[in-house]
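Undergrad: Sequence:
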Amino acid sequence: MKIVTAKELGQYLKLSESTIYKLATNGEIPSFRLGDSWRFDMEEILQTIRGAKDKLGLKKSII
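Numbering (my numbering), first residue to last: 2 to 64.
Be careful, since some hints might not be right.
Stated by the list, open to error - Using 30 Å as the maximum straight-line C-alpha spacing, the simulated DSSO-like pairs for lysine-lysine come out as follows: (1) 23 with 56; (2) 15 with 54; (3) 15 with 56; (4) 56 with 3; (5) 54 with 3; (6) 15 with 3; (7) 54 with 23; (8) 3 with 23; (9) 8 with 56; (10) 23 with 8; (11) 8 with 54.
Quick caveat, the hints were computed from the structure, so don't treat them as lab data.
Work out the full structure, taking the sequences as your base and the hints as a guide.
TA: This is the structure we're talking about:
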């Protein structure tokens, strides 16, 4: 299990930190609060991405 911050996740996904917060707030990506901070489990994020790709029928790539 690797827990990352919104900034780290944004860098990995090439999204702005504000977009990561918006996705988390809307429940579109798995996340949890630790005090006032959002945290993300990379394994859960990658599973979510894989699941979305499978639903859309996109080719699998190495993630």
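Undergrad: A separate judgement is required for each hint: does it hold in the structure or not?
TA: The hints, checked one at a time:
1. 23 with 56: 22 Å, holds
2. 15 with 54: 17 Å, holds
3. 15 with 56: 22 Å, holds
4. 56 with 3: 25 Å, holds
5. 54 with 3: Answer holds: residue 54 to residue 3 is near 22 Å, not above 30 Å.
6. 15 with 3: The hint holds at about 18 Å.
7. 54 with 23: 21 Å, holds
8. 3 with 23: 21 Å, holds
9. 8 with 56: 27 Å, holds
10. 23 with 8: 13 Å, holds
11. 8 with 54: The given pair, whose Cα atoms are some 23 Å apart, holds under the 30 Å limit.
Consistency with the previously given hints is maintained throughout, with no hint failing.
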